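Sequential numbering from 10 applies to the sequence shown in the working numbering.
Heads up, some of the hints might be wrong.
Simulated crosslink set (BS3-like; lysine-lysine; CA at most 25 angstroms straight-line) [as the list claims (entries may be wrong)]: (1) K181 x K159; (2) K127 x K162; (3) K162 x K181; (4) K227 x K210; (5) K146 x K82; (6) K112 x K162; (7) K181 x K127; (8) K181 x K146; (9) K154 x K181.
Hints are computed from structural coordinates only; laboratory data are not their basis.
The model shown is predicted, which means the values in this text are computed figures rather than measured ones.
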Amino acid sequence: LLFSINTRYIRRPSRSTYLKPILPHVLIQRFMPNPLTIDGGHKFDLRVYMIIASTAPFLAFYHPGFLRVSLSKYDASDPHRSSHITNTALAKAKFKNNTELAKFQMRSFEQLQESLLKEGFVDDQSWVRNHLEPSIKRTMVHIIKAVYPKMIKQRGLFGIYGCDFMIDTNMKIWFIEANRSPAFQGTTEAKGRLQRSMLHKVMDLEEMFQSGGIEDLKNFNLDQLQPILYVPEDSQGNKADLESSSPRNGSLGSSSSNKHGSEQGASCGETYFGLFSPSCTASLRAVSE
């Protein structure tokens with residue numbers, strides 16, 4: 010942590026080749042001074058998923074995720090990382106052989122709703138559905154708009170992103186970061202089921218796009234995949250401008266499509282902005298099983 014007179018900042022190495030940090034190889038992020046805590050003072054964050062299912066036409070989904078709860082109680086003056094950082098990598102060594110501790114660290118959105126009601130933070134019985142998730146979806150649309158001009162608009166590319174959020178004591182929802190290579194480690198049985206189900210659904214979705222088109226979505230069971238943005242191609246297959254296209258939820262309509270393509274010189278793995286080439290579908294499915 011970096012400290013100033015009135016503000017704290019988090020100093021972290023920059024692992025992205027697409028960002029230009031303020032200092033060489035370093036990103037500076039403002040530290041939230043008033044995070045919401047649960048269970049008597051434990052800080053937490055939210056990991057959710059943003060799926061870019063296609064870039065031509067452009068189609069993105071939100072998928073719910075889980076909470077990551079710090080194993081130590083939050084203390085703003087504590088210099089130790091365990092009091093401030095909630096990610097699983099830091100806690101994994103502690104709950105490696107402790108199932109109950111692992112369950113404490115990872116919570117479902119249903120458990121979050123129960124905690125918020127029990128501790129008197131909200132009175133809406135569906136606050137997560139009515140307030141939290143809509144705010145996250147709106148933020149995801151802004152994230153997409155920020156990088157859309159640099160994305161390859163090409164049939165057959167897709168990406169899965171892990172997006173992290175936090176809630177402060179004023180119940181304001183903050184976007185923390187988006188991870189283009191999120192870890193899929195089932196540290197609990199419930200977390201493993203959620204991730205496997207999502208990966209299988211995304212693979213089925215991509216196979217459907219490769220064999221048919223976006224119009225086939227009307228017969229596809231999206232399960233927990235929730236559409237957040239759709240940018241159709243025009244009648245000639247040209248890519249539409251994101252700013253001139255309105256986000257559409259639920260009803261996706263139909264669009265014409267051009268031939269399947271793959272990035273020139275791309276192999277199975279990350280291409281531009283973390284999007285995968287179509288050849289990765291089979292291998293990713295194997296990893297998720």
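Checked hints:
no., hint, in the structure
1, K181 x K159, "violated, 30 angstroms"
2, K127 x K162, "violated, 46 angstroms"
3, K162 x K181, "violated, 34 angstroms"
4, K227 x K210, "holds, 15 angstroms"
5, K146 x K82, "violated, 29 angstroms"
6, K112 x K162, "violated, 41 angstroms"
7, K181 x K127, "holds, 19 angstroms"
8, K181 x K146, "holds, 14 angstroms"
9, K154 x K181, "holds, 22 angstroms"
Hint violations for this structure: numbers 1, 2, 3, 5, 6, all remaining hints satisfied.
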